[in-house]
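Q: The chain contents come next:
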Amino acid sequence: MRNVILRGLCGAAAVGVVTVIAAAVATPGDAASVGQPVVLDTKAPPASLGQLKALYRRPGAIPFPKDNPYTTEKAALGKKLYFDTRLSAANLLSCASCHSPAYGWGDGQAKGVGHNMKPLARRSPTIVNAAFGEIFMWDGRAGSLEEQALGPIRADVEMNLPIEKLLEKLEAIPEYKPLFRAAFPKEGMSPDTIAKAIATYERTVVSGRAPFDAWIEGDEKAIPEEAKRGFVLFNGKAACANCHSGWNLTDDSFHDIGLSDTDIGRGKFLPAVVKMQHAFKTPGLREITRRGPYMHDGSVASLEGVMDHYINGGVERPSRSEMMRPVNLSPQEKADLIAFMKTLTSEMGPTTIPVLPR
Amino acid sequence: MKLMTIALVVAFAGGSIAAFSAEHSIMQKGKTFSESNVTLKKGDSLLFVNDDTIHHNILSTTPGSEFNLGSQAPGASTPVTFNKAGEITVLCAIHPRMKLAVTVNE
Chain U
0 MRNVILRGLC GAAAVGVVTV IAAAVATPGD AASVGQPVVL DTKAPPASLG
50 QLKALYRRPG AIPFPKDNPY TTEKAALGKK LYFDTRLSAA NLLSCASCHS
100 PAYGWGDGQA KGVGHNMKPL ARRSPTIVNA AFGEIFMWDG RAGSLEEQAL
150 GPIRADVEMN LPIEKLLEKL EAIPEYKPLF RAAFPKEGMS PDTIAKAIAT
200 YERTVVSGRA PFDAWIEGDE KAIPEEAKRG FVLFNGKAAC ANCHSGWNLT
250 DDSFHDIGLS DTDIGRGKFL PAVVKMQHAF KTPGLREITR RGPYMHDGSV
300 ASLEGVMDHY INGGVERPSR SEMMRPVNLS PQEKADLIAF MKTLTSEMGP
350 TTIPVLPR
Chain R
0 MKLMTIALVV AFAGGSIAAF SAEHSIMQKG KTFSESNVTL KKGDSLLFVN
50 DDTIHHNILS TTPGSEFNLG SQAPGASTPV TFNKAGEITV LCAIHPRMKL
100 AVTVNE
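Protein sequences appear in the order of chains U and R. Read in order, the letters of the first sequence correspond to residues 0 to 357 in numbering that gives the first Met the number 0. Read in order, the letters of the second sequence correspond to residues 0 to 105 in numbering that gives the first Met the number 0.
Keep in mind the hints are simulated off the structure, nothing from the lab. Please note that a few of the clues may not be correct.
[Claimed, not checked] Okay, the calculated beta carbon distance ranges per label pair:
no., chain 1, residue 1, chain 2, residue 2, range
1, R, Gly74, U, Pro349, 50 to 60 Å
2, R, Gly42, U, Lys267, 52 to 62 Å
3, U, Leu355, R, Ser33, 47 to 57 Å
4, U, Pro330, R, Pro73, 30 to 40 Å
Every residue, glycine too, gets a C-beta built ideally from N, C-alpha and C.
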């Protein structure tokens with residue numbers, strides 16, 4: 000359980016004492032253990048494998064912050080806002096345009112597309128499992144999901160709608176009024192409540208139970224043998240779990256993995272920290288087969304290409320993570336790792352698009 | 000791993016960095032601070048020891064007690080003196096799950 004104050008480098012604090020909905024049927028490797036790098040001998044005895052698997056057990060409940068607890072009314076309002084294109088200046092883009100359930104809650108493109116169809120600088124990240132995130136955006140500039148929610152709406156290159164104009168537009172839609180009253184009886188419509196509603200809906204977007212989860216919970220037939228070998232490689236020789244750790248397969252940390260673009264990522268906010276130049280947040284790997292192309296710049300089309308990048312180790316420079324180093328993997332080991340990653344995709348059902356207020 | 004003490008002279012609001020005056024050591028192995036919270040008296044120091052295998056960053060954005068130690072290499076240790084009473088959140092900006100709540104009493 001987290002009981003810490005979350006603060007972005009340039010944003011307001013959000014209190015992260017968690018509350019939960021749904022009965023907690025299992026406790027995941029908690030926050031302290033999720034971030035631990037684990038190196039496992041490929042010939043490790045079953046007891047060690049069991050301990051390792053325990054770190055990947057999915058949580059039984061979604062965490063919601065104390066200052067924005069879950070309500071059905073808030074999530075329902077948030078869903079309408081999330082899918083509403085009127086949250087953009089041109090009435091063409093909604094949150095779902097770039098973070099669509101059709102593409103694993105991303106957009107399936109190498110780079111996002113913003114206002115006037117102009118390409119954005121980075122790939123649209125998924126919102127899957129954002130409820131479990133520590134810090135948001137590729138460069139970590141948002142300290143909470145609430146803080147993140149309004150960013151793309153007002154960004155001139157994205158949805159291009161200043162907050163005062165957003166309020167003006169939403170206030171002119173009569174059917175939104177009772178929804179805000181139901182979700183926020185004391186506050187009504189405001190930038191704060193718009194952000195809280197969207198963030199609440201986003202927190203409900205959680206990856207489904209995947210074959211990997213069934214295996215973690217003891218069903219040996221849930222995934223093929225090559226995927227099991229891939230899991231051991233992932234945590235051992237290939238050292239992927241140094242960063243892609245825990246049930247959501249991320250450490251929520253920032254690393255330069257040696258991609259050759261000129262984007263300095265988190266380095267913009269931390270110019271004095273060498274290791275933050277060209278550094279981006281580790282993405283989780285749930286639903287990964289639905290989320291290509293890959294990397295913050297969308298420069299790698301396939302999981303095979305991702306493997307090749309890590310095998311080569313990327314561009315060598317002072318900022319490159321110490322954990323990035325060439326690794327010699329055989330074709331079979333590559334295939335095993337990819338087989339493992341494929342077990343992280345669930346059978347996601349359809350997402351219902353809401354009828355929007357008029 | 001041999002620890003190397005680095006003496007830095009950095010001034011920041013509410014605190015200063017002073018070599019060899021730390022009373023409490025905070026370790027960072029496995030991307031985790033060895034303590035989640037610590038209580039100090041005004042003028043006490045913490046010695047941030049990077050006993051991990053990767054670089055870390057020690058940072059506070061708490062108003063009045065801001066500081067940023069930049070890149071801290073494996074093996075390095077850096078003392079920080081807290082000269083202003085209050086609640087201060089220290090984190091690693093590279094690994095934001097690393098958080099330390101520092102209470103500084105008068």
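Q: Hint by hint, work out which the structure violates, then give me just those numbers in ascending order.
A: Violated hint: only 2; rest satisfied.
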